[in-house]
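*Asks:* So you can see what is in the structure, the chains are spelled out below.
Protein chains: 2
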Amino acid sequence: MSSPRVVIVGGGFAGAFTAKYLRKYLRDSAEIELINAENYFVFQPLLPEVAAGTISAPDAVTPLRYMLPGVKFRMAEVTRIDDESHAVHFLQGSRRTPQSIHYDHLVLAIGQKTNLNFAPGLAEHSACMRNLADAHQLRNMIIRRLEHADVTEDVALKQCLLTFVVAGGGFSGVETIGEIAEMIVRTLKFYPNIAADEIRSVLIQRGARLLPELPARLGEYAERMLQKRGIDVRCNRSIVSATASNVYLDDGTSIPSCLLVTTVGNGPAELTRQLGIGLEHGKIKVDRYLRAAGMANVWALGDAALVPMNDDLESPAYAPPTAQFAVREAKRVARNIASTITDRPLTEFSFKPRGSLASIGNYKGVAEVLGIRMSGLIAWMMWRFLYIGMLPGFATRLRVALNWAFDYILPRSIVQIANRNDSATQYRYFAKGDVISSPGQLVDGFYTVISGCLESRIPDQGSDEDFVRMLGPGDHWGERSLTEGSTTFGTLIATEDSRVMILRGHDFRNLREAFPALNAYLNSISDKIYAPDLRNSKDQD
Amino acid sequence: MSSPRVVIVGGGFAGAFTAKYLRKYLRDSAEIELINAENYFVFQPLLPEVAAGTISAPDAVTPLRYMLPGVKFRMAEVTRIDDESHAVHFLQGSRRTPQSIHYDHLVLAIGQKTNLNFAPGLAEHSACMRNLADAHQLRNMIIRRLEHADVTEDVALKQCLLTFVVAGGGFSGVETIGEIAEMIVRTLKFYPNIAADEIRSVLIQRGARLLPELPARLGEYAERMLQKRGIDVRCNRSIVSATASNVYLDDGTSIPSCLLVTTVGNGPAELTRQLGIGLEHGKIKVDRYLRAAGMANVWALGDAALVPMNDDLESPAYAPPTAQFAVREAKRVARNIASTITDRPLTEFSFKPRGSLASIGNYKGVAEVLGIRMSGLIAWMMWRFLYIGMLPGFATRLRVALNWAFDYILPRSIVQIANRNDSATQYRYFAKGDVISSPGQLVDGFYTVISGCLESRIPDQGSDEDFVRMLGPGDHWGERSLTEGSTTFGTLIATEDSRVMILRGHDFRNLREAFPALNAYLNSISDKIYAPDLRNSKDQD
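If you read the protein sequences in the order shown, they are chains E and S. Take 270 as the starting number for the first sequence in our numbering and just add one per residue. Take 270 as the starting number for the second sequence in our numbering and just add one per residue.
Chain E extracted, bound-state conformation (with noise of 0.2 angstroms):
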């Protein structure tokens, strides 16, 4: 008989300590296989510190390979589980072929997703701190937006610049304010122009409290200290849209800013959602055991699973989705899978956290260890110490202690490393009354309408009416700019809340020019869209 296969889906904190403990208990009597989409491991609570530019984005990862010995590693996209076949299907190589492995034990680790469907404008105007990706790309906006800053005339676009928004006061909001905060005042002698009380930062928290996993006390330090370098913290409040350049929020005020990180909101990752179990809180069901409900030998753990802590059906408990509950439940998985192999019985998951640690910028932290409470800079050296030793592998460690003590002596780099984007349509949301274009600007891309409506004006020189077309859903503009390259004429406002797609300027023009039937469209209705005595001016959009 062959060895048993137990293939982990997922590499963050609960597939890749799943991986670990499995080899650690089998050794060589399993063939474990881990699959995901990155080769590395996120340190997922160091993510702050590379959006701030303490420590360098690859000091906040660890290759899976290097980190899980034994273990065989496969870089692709999970799209499907068959439980009949005991079959794991993925799309691999950069020509995403299907391809499928066949399981004896599988492990979902494959936790949620952003979902920042609770207001609108946010998932089109909002950026998170989820992956490296989302910290790195961070980083870049804040630099872009400072350099913006400091050279423009115009007073109100250096102040809508100049106001970071944090929605979210958990750990990761409030680690991210607080970081941004510091390296704002480290890098603001590179901008000569901007003075320091030009600089607003703000946090929204939805609930009474800051850190609601803490100790009420340690919650309102935390507030205290954030308060005291001048960030403006929101307890009760919550956002209800935002746009590229205000933030509105439910007290009927909005805060005119070009900056919102979204550290709140998740949803089950689309394979989650592919299972076809029935799911509780957009989580996979497990029993005490983290069996998943209704499948033969699939594990589910992490934040992707709802796991229990008790058997009271009257007040249920769940495991907190933080990387200490997913680093325990790894163990106990594995353990489990183990005793399941070699026909032993099975253990319930339980764990009493030790501790809990914040860090809120500035030399400052937040500590509950072994029951005993702490702040200031003691609890943020133990913050500090604590991760150093947690980070995987003697490299790393090494590596990020000497770029901390670096940070102490040296000054804060400003490099904004090209602002790549991931996708050339992109969707942009407009509040009533915003303007989204005014003459002689250059357009960006190629806007359809989603949903809402807007009013295009452009003067006309021969009469004193203007020249006023109105656009729904469906409705296009940007085409004629964008394929003479001149500058618009008239000015665009959003008569209602909209939604608009676009397509970039820069994509349209090749598509136009390689699709023969969108050209052909495009010249055709250019006719009946612009008014007949406009006809011969340049440009119209």
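Calculated directly from the structure, the hints in this document are not laboratory data. Don't take every hint at face value.
Identical copies look the same in the list; a pair holds intra-copy or inter-copy alike.
Computed cross-link-like contacts, DMTMM-like style, restricted to lysine to aspartate or glutamate with a CA-CA straight-line distance of at most 25 angstroms [claimed, not checked]:
| id | residue 1 | residue 2 |
| --- | --- | --- |
| 1 | Lys600 | Asp580 |
| 2 | Lys293 | Glu753 |
| 3 | Lys382 | Glu782 |
| 4 | Lys341 | Asp580 |
| 5 | Lys341 | Glu422 |
| 6 | Lys600 | Glu765 |
| 7 | Lys293 | Glu549 |
| 8 | Lys382 | Asp520 |
| 9 | Lys701 | Asp351 |
| 10 | Lys427 | Asp351 |
| 11 | Lys458 | Glu300 |
| 12 | Lys701 | Glu724 |
| 13 | Lys600 | Asp713 |
| 14 | Lys701 | Asp713 |
Put chain S on the given structure of chain E with help from the hints.
*Replies:* Coordinates of chain S only, in the frame set by chain E:
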């Protein structure tokens, strides 16, 4: 009278050092402004090390603001120079608003841009080594291929994935192949299914020997060293075309390879072409004082300029496009601008370089310094120390030195950070006979034929005859698979050398959904393209 304003366009060696020297000579008696699209200076000679992961990307660059105290920095994209009114026009901020400023003196240090049009398929399928993003991307591409090769069961594909080709035997090409080979050797222990003898590295050089900038003996030494390490060096050979999986050479042979890096092929930057002055060899003509011909108060230097080294019309000599010369030219331009402002006579540019150095990886280098030739470890150490000394800023020097020290003792990282692609529309070049798609694959985008001819062949289950469709310029495919999310049913083969444009699947679906006219067109032609007897099968792409 207000102080004169000197505007420098470009932040490479030429531009950054001009600003530095101008500040030194003129102090506060002039306003010095530097405009660059990125906010950092790239230490170009270190790019191969970034690609190989010896040093991390932020360490190969320095923020221009940090490097140039007292110089006004503006992150913007210069679009046009107006010689009449002495104005520089640029696009600024994320909305890319057109703006302009006035100059008294203008320095054009705008470099060159890559031009890969010298062989078909190169622009579509070759990586470059020009900027930081290139180096970063090359690194990701190599790791991606190793990850894929480790898990694929297709022997031919594996060989193709493990063959690395570099075009160009100058400094950049030699260092790139040397660094790539070293990186792969050092990371192979993480890839249990790849044997060292499966790796193939090929260096293609059009000229008779490597490193033509150095004495023949050193070029020959470099060649022997590379060959000793298993690198296949081919001189007197050039590339005639390339596809995603093959490099075709001028001797009629081809190398199956999924990764080609081109380090040769330059052309004038967009801005250079728009100047409206006559160019020579694609460069701006300057006099021996470095004044641009045909423009008033405009200076040019670096790779963008054709800098004469003598007055001999019979056998003219020009400055080579190296960093060493750019820095010397920068000093001369700065001095001559200062002289013009203070009404003193100008001085001609002249420079005799003291030496050249190249690293060829694996702790070996070649050098000629003060007329003395060196090779091996000594040359390599000189190269490293010299570069550490030339790096701007103590912080960067320390980090690079430490990273180099780490590199001896610690494993090389194989983290592959999100392979983001700049553009949603991409071009691909296929050689006659190439199979573009086989049954059972996922289509990665919406394809439009630009030139050439492709044959689509779908088995007809009702008869022995296949359903064959020929696709010429303007024809397209992929839309049905993309919309239905299904895999391909037939085979697509290039019957001629062909060029196609691809709009990525994700963006195609967004566009089709948002833009009713495109959807209507695609629905309308669906009946015409597909054979009626196949209309009920799941997918005909």
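*Asks:* For each hint, tell me whether it holds in the structure or not.
*Replies:* Against the structure, the hints come out as follows:
no., hint, result
1, Lys600 / Asp580, "within (21 angstroms within a copy, 78 angstroms between copies)"
2, Lys293 / Glu753, "neither (64 angstroms within a copy, 44 angstroms between copies)"
3, Lys382 / Glu782, "between (37 angstroms within a copy, 23 angstroms between copies)"
4, Lys341 / Asp580, "neither (36 angstroms within a copy, 66 angstroms between copies)"
5, Lys341 / Glu422, "between (57 angstroms within a copy, 15 angstroms between copies)"
6, Lys600 / Glu765, "neither (53 angstroms within a copy, 57 angstroms between copies)"
7, Lys293 / Glu549, "neither (32 angstroms within a copy, 68 angstroms between copies)"
8, Lys382 / Asp520, "neither (29 angstroms within a copy, 52 angstroms between copies)"
9, Lys701 / Asp351, "neither (47 angstroms within a copy, 39 angstroms between copies)"
10, Lys427 / Asp351, "neither (54 angstroms within a copy, 28 angstroms between copies)"
11, Lys458 / Glu300, "between (55 angstroms within a copy, 19 angstroms between copies)"
12, Lys701 / Glu724, "within (11 angstroms within a copy, 50 angstroms between copies)"
13, Lys600 / Asp713, "neither (51 angstroms within a copy, 39 angstroms between copies)"
14, Lys701 / Asp713, "within (21 angstroms within a copy, 37 angstroms between copies)"
Consistency note: the structure conflicts with the earlier hints numbered 2, 4, 6, 7, 8, 9, 10 and 13.
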